[in-house]
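Asks: Here's the letter readout for the chains.
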Amino acid sequence: MKALYKNYFRKEEEYNPVLKALQNVPIFNNLSKKELTEVKKLTHERMYKTEESIFKKMAPSEGMYVIVTGNVNILDPDTGTSFTSLRDNDFFGELALLDEEPRSASAIAKSPSKLIGFFRTDLLTLMKRYPELGNKILLNLSRILGERLRKTNEELLINPNK
Amino acid sequence: MQPLQKIYRLLLIIIISGLAWNILPFLASIIAMLIFSFLFTTIFLPSVDRLEKFLKSRILSVLLILSSSSLLSISFLGLFFSNVSSQIKLFTKRIDNDDFVMNLSGLSNKIREYLPDFISKLIPEGDNLIMMAKNTLITIFQNILSILGSAGGFIFISLIVLIFTIILLIEYHDFKRTLVRFIPNKYLEVGLRVIYNIEQQISKYLRGQILAASSVALLSIIGLFILNQLSANITLIVFIGIIAGLANLIPMVGPFFGMIPAILISLMNNIGNETALLHQLFGIIPSPFYIFDIILMFVIVQQIDNNFITPVVVGESVGLHPMAVMIVLLIGGTLIGPIGMLFAIPAAGVLKVVIGEVIFISKNSHLL
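Residue numbers (this note's numbering), protein chains in the order written: chain E, 1 to 162; chain W, 1 to 368.
It should be emphasised that the hints constitute simulated quantities derived from the structure, not laboratory data.
Computed cross-link-like contacts, BS3-like style, restricted to lysine-lysine with a CA-CA straight-line distance of at most 25 Å:
| id | chain 1 | residue 1 | chain 2 | residue 2 |
| --- | --- | --- | --- | --- |
| 1 | W | K352 | W | K186 |
| 2 | W | K56 | E | K136 |
| 3 | E | K33 | E | K20 |
| 4 | E | K40 | E | K136 |
| 5 | E | K114 | W | K186 |
| 6 | E | K128 | W | K56 |
| 7 | E | K20 | W | K176 |
| 8 | E | K40 | W | K186 |
| 9 | W | K352 | W | K176 |
| 10 | E | K49 | E | K114 |
| 11 | W | K56 | E | K34 |
| 12 | E | K114 | E | K41 |
| 13 | E | K56 | E | K110 |
| 14 | W | K176 | E | K40 |
| 15 | E | K20 | E | K40 |
| 16 | W | K186 | E | K56 |
| 17 | W | K53 | E | K41 |
| 18 | E | K20 | E | K41 |
| 19 | E | K110 | E | K57 |
| 20 | E | K33 | W | K176 |
| 21 | W | K363 | E | K57 |
| 22 | E | K57 | W | K186 |
| 23 | W | K56 | E | K41 |
| 24 | E | K40 | W | K56 |
| 25 | E | K49 | W | K186 |
As the structure is a prediction and not an experimental result, all values here were calculated from the model.
For reference, chain E alone in the conformation it holds in the complex:
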């Protein structure tokens, strides 16, 4: 009976991997399921092949990506240094939602990956159509930036030569 209920009466969103990935992104914290569904409607699902470039260092930046499935490497192509390797439900490039500065590193898919793109133009559309929702996202973004700034300050206090 329970299985029958689950199969026929479950809501699509509950089992949607895209919604699940979005839920894990701090930018979308405190968003109701309905609001998250609105965000999902604006995002872009993309498939990347192994070794396919997602963006290159110094390229004009437009927004952030959330990994639904797969692996992504963030690296500096000039020095070959790999900064981090990201996997399911991780996100990157969120700063581009606020500024138009060129990308500071390159992102390359290390395995066939499914990503969700959420771009500045989407955020602007969201702010126009649902100002309350747009404000929530902006507040979350500012919170993240504040935390990072605090962390950088602390690190500088501990090691001023860094």
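Given chain E's structure and the hints, the job is docking chain W onto it.
Replies: Only chain W this time, still in chain E's reference frame:
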């Protein structure tokens, strides 16, 4: 690229352009309908999005906004045609009157008096002028009849445009997402930026134009009302104002078309009125039937619009050089006629955004 390959590519481009040129006339009406639907979608999209938030139903919001707008347009057109037909009926009654013939001859002689000899010879004498006026009226009636004859076609086209607009408004955000799906990963971010910029350019231009047209309409109505206070006897001022506002959507040539209905109605109403015939602008310049008063009023409205309203509400939305505006208008007018002139400027604005982005992409191609 091999030279032979270059020649093949050039030949292919020529063949495709030739085919497109030949097919264009057949597709022109469908393309025009789609463009109209897209423009209406851009105009109504913000209100539909806003209403959807309250009604929680997109379909209902679209139907509500489009039905109320259609109702308004239909009642405007209905009122306009009934008023114009009664105006024409009144005028035809007066035209059969002998006084009218006398007045027209008087007008011809009056104008000849004011003008130097070499120009006055060009003005036809009384009888010829009446013949000319009658012929012109017959042509106008024939044109009105042919317009009414093609009303069936117009209703059909309007219905198709309405259906396209409804579909586009309901599915707009999904259509956009589908379009984005076709962009290769490499160009995703740039592609999104181009789409967003084009959307912004068109909606900013359209909103600015609608605001400017409304203000021209309002100013013209006020101007005509003031002229009526000086006994100009111009009827249908609301319709004349709206027509002037709509004509204003076509840059440069539009304002001239805008003043024609006012002059025609002033002529129709004032023929036979000696005071109107002898009227002088500022008591110095002869202005029979308030013609120069009307022209001056529209010039003032244009100046207010060009120097105060348009720079504020439209701003540098398209930012084309006046010379470029003229060339673009000529191209639009030659290709599709008056509708081409109406769409020429926003189309040039879109082209400008696309070219700007293409230059940007080619400069940053190594980064994509």
